[in-house]
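Start from the sequences and build out the full structure, keeping to the hints where you can.
Chains as they are written, first to last, in this note's numbering: chain A, 1 to 93; chain B, 1 to 93.
One or more hints might be untrue.
[Stated by the list, open to error] Listed next, the stretches of chain A that the computed footprint assigns to chain B, with coverage defined by at least 3 CB atoms under 8 Å from CB atoms of chain B:
1) 32-42
2) 61-73
[Stated by the list, open to error] In silico negatives: residues of chain A with every beta carbon more than 12 Å from chain B:
3) E5
4) T7
5) F9
6) A21
7) M23
8) N27
9) R28
10) G77
11) G78
12) K90
[Claimed, not checked] Derived DMTMM-like pairs (lysine to aspartate or glutamate); straight-line CA-CA distance at most 20 Å:
13) K90(A) <-> D31(A)
14) K90(A) <-> E24(A)
15) K53(A) <-> E32(A)
16) K90(B) <-> E68(A)
17) K53(B) <-> E70(A)
18) K36(B) <-> E86(A)
19) K53(B) <-> E24(B)
20) K53(A) <-> E71(B)
21) K90(A) <-> D64(B)
22) K90(B) <-> D31(B)
23) K92(A) <-> E68(B)
Since the hints were made in silico from the structure, they are not lab data.
We treat Cβ as the ideally placed atom computed from N, Cα and C, and that holds for glycine.
If you want the building blocks of each chain, they are given just below.
2 protein chains.
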Amino acid sequence: MDEDENTVFIGSKETMNYVMAIMEQFNRGSDEVVIKARGRAISKAVDVAEITKNRFLETADITDIMTETEELEDEGGGSTNVSSIEITMKNKA
Amino acid sequence: MDEDENTVFIGSKETMNYVMAIMEQFNRGSDEVVIKARGRAISKAVDVAEITKNRFLETADITDIMTETEELEDEGGGSTNVSSIEITMKNKA
Chain A
1 MDEDENTVFI GSKETMNYVM AIMEQFNRGS DEVVIKARGR AISKAVDVAE
51 ITKNRFLETA DITDIMTETE ELEDEGGGST NVSSIEITMK NKA
Chain B
1 MDEDENTVFI GSKETMNYVM AIMEQFNRGS DEVVIKARGR AISKAVDVAE
51 ITKNRFLETA DITDIMTETE ELEDEGGGST NVSSIEITMK NKA
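What follows is the structure, encoded as structure tokens:
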């Protein structure tokens with residue numbers, strides 16, 4: 001995952017924090033924001049995208065959703081697979 | 001959500017149960033299986049799709065992912081919004 005400034009990473013904060021982060025990006029003039037999440041945060045990423053377009057920015061839409069399997073190294077030197085999602089939102093305004 | 005026989009609904013069972021349900025559909029000759037989930041089960045739905053294509057059926061791929069907000073009635077007569085996902089997998093074999 002890259003550290004693009006138009007990217008919002010979903011972690012353990014409240015859902016609305018991420019909605020606000022996306023709104024800030026759009027208000028700053030970005031026409032595209034990418035939401036990234038791994039593992040259990042994937043459900044929250046979908047909530048964030050849905051809430052943003054339904055309640056805050058009706059001119060925004062989800063234009064692409066991609067999933068992937070990432071291999072993470074665990075503490076014992078082995079690796080664990082974790083699913084990730086990338087939701088692209090565009091503001092058509 | 002409809003009750004199409006090519007649809008696998010993700011609930012509270014173990015992830016591998018749903019992977020097996022999808023494999024059964026493909027083995028029965030379906031060339032398309034739709035995975036549906038709501039709320040916290042969304043993360044599991046992504047795991048199920050990723051595990052199916054990476055570990056069990058390399059000729060299968062995710063061809064479409066859609067999200068939605070559903071309005072569910074709660075016990076008090078009010079309603080709650082819940083996000084849902086629909087992942088379409090196709091077997092190209």
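| task | Could you check the structure against the hints above and give me the numbers of any it violates, in ascending order? | result | none
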